[in-house]
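Enquirer: Okay, here's what each chain looks like letter by letter:
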Amino acid sequence: DAGVIQSPRHEVTEMGQEVTLRCKPISGHDYLFWYRQTMMRGLELLIYFNNNVPIDDSGMPEDRFSAKMPNASFSTLKIQPSEPRDSAVYFCASSFDGQGDGYTFGSGTRLTVV
Amino acid sequence: AQSVAQPEDQVNVAEGNPLTVKCTYSVSGNPYLFWYVQYPNRGLQFLLKYITGDNLVKGSYGFEAEFNKSQTSFHLKKPSALVSDSALYFCAVRDNAGNMLTFGGGTRLMVKP
Chain L
12 DAGVIQSPRH EVTEMGQEVT LRCKPISGHD YLFWYRQTMM RGLELLIYFN
62 NNVPIDDSGM PEDRFSAKMP NASFSTLKIQ PSEPRDSAVY FCASSFDGQG
112 DGYTFGSGTR LTVV
Chain F
-19 AQSVAQPEDQ VNVAEGNPLT VKCTYSVSGN PYLFWYVQYP NRGLQFLLKY
31 ITGDNLVKGS YGFEAEFNKS QTSFHLKKPS ALVSDSALYF CAVRDNAGNM
81 LTFGGGTRLM VKP
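Chains as they are written, first to last, in the numbering used here: chain L, 12 to 125; chain F, -19 to 93.
So here's chain F without its partners, still in its complex pose:
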């Protein structure tokens, strides 16, 4: 069975500083990895994905994520955080044979001015 772990319930960062939201996964075969963002009172929005190719994936709003196969990780990063980045972030995985996403528990990102 596939699984995702987001070890931090909350990440606090000052505006302008780099941010990292961690994600590790377990899946049989090659993983398809995703990040979603949820703003208050909204549904989840797709941010970026890794299917194959370059290990560094660029997504919306200046976010990027680095796929590391040996560490089974897919950490979300941004060089300079904005207050408006404050939201709940979900990592998700599926194997290349299935249709279902498995979501992590979410990490709340708080960016302070």
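Looking at chain L on its own, in the form it has when it is part of the complex:
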């Protein structure tokens, strides 16, 4: 298995633009997590899905952020409109049963909003 695949690896966009981050989880994993990592706040859980259904989105910073999982093999995290403070590394992770050692992280998307 190629692991959790995220795209793009790097994204530079102008303030106000829409940004879409993509994630392909490991086949057979039924949990999917979106995390954000910054120097100031460390690793934050934004939202997670179980069997394609959003379970907890309390970590989503504001309405500008939205996430979808239309099927078991694809998820998106969208920011519209983007702001400079959204600059961070965004990680996607997937898990077979939500237990810790089943978490496999992607390589992340480094987002820079200028």
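Derived from the structure by calculation, the hints contain no laboratory data.
Heads up, the beta-carbon is just placed ideally off N, CA and C, and yes, glycines get one too.
Errors might be hidden in some of the hints.
Pair by pair, the computed Cβ-Cβ distance ranges are [stated by the list, open to error]:
{"id": "1", "chain 1": "F", "residue 1": "S40", "chain 2": "L", "residue 2": "Q91", "range": "36 to 46 Å"}
{"id": "2", "chain 1": "F", "residue 1": "D34", "chain 2": "L", "residue 2": "V125", "range": "46 to 56 Å"}
{"id": "3", "chain 1": "F", "residue 1": "E44", "chain 2": "L", "residue 2": "V125", "range": "37 to 47 Å"}
{"id": "4", "chain 1": "L", "residue 1": "G70", "chain 2": "F", "residue 2": "Q(-10)", "range": "47 to 57 Å"}
{"id": "5", "chain 1": "L", "residue 1": "F107", "chain 2": "F", "residue 2": "A(-19)", "range": "48 to 58 Å"}
Not the full set, but computed from the structure, chain L residues with beta-carbon under 10 Å of chain F [to be verified]:
{"id": "6", "residue": "A13"}
{"id": "7", "residue": "G14"}
{"id": "8", "residue": "V15"}
{"id": "9", "residue": "Q17"}
{"id": "10", "residue": "D67"}
{"id": "11", "residue": "F76"}
{"id": "12", "residue": "A78"}
{"id": "13", "residue": "C103"}
{"id": "14", "residue": "Y114"}
{"id": "15", "residue": "F116"}
{"id": "16", "residue": "R121"}
Chain L is fixed; fit chain F onto it per the hints.
Expert: This is chain F only, laid out in the frame that chain L set:
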């Protein structure tokens, strides 16, 4: 609510010396404890876990961790550090009823030649 504390932002150690990265936790019920490592420009990688059994857990790359229930700690250790061990280390916890991991703030380990 469960929580994890990693009291040191950075740990510096000379190559060949033993290293310890500290972690304390708070959780209701029995804890499931984990260590992850993050190398530059990479995602987090699973290193080791404690679920039950022996308090000393051995993991990848020669790392081990000691579970101490009375001190609610799960410190990461290695007898002899390598320069290649330099990375960001995260401790995480979940209770035995939940599916979610709670991560600590991370500790940057710097191993100098």
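Enquirer: Next, verify each hint and record whether it holds.
Expert: Against the structure, the hints come out as follows:
no.	hint	in the structure
1	S40(F) <-> Q91(L): 36 to 46 Å	holds (40 Å)
2	D34(F) <-> V125(L): 46 to 56 Å	holds (51 Å)
3	E44(F) <-> V125(L): 37 to 47 Å	holds (44 Å)
4	G70(L) <-> Q(-10)(F): 47 to 57 Å	violated (26 Å)
5	F107(L) <-> A(-19)(F): 48 to 58 Å	violated (25 Å)
6	A13	violated (13 Å)
7	G14	holds (9 Å)
8	V15	holds (7 Å)
9	Q17	holds (8 Å)
10	D67	holds (8 Å)
11	F76	violated (19 Å)
12	A78	violated (16 Å)
13	C103	holds (9 Å)
14	Y114	holds (7 Å)
15	F116	holds (3 Å)
16	R121	holds (8 Å)
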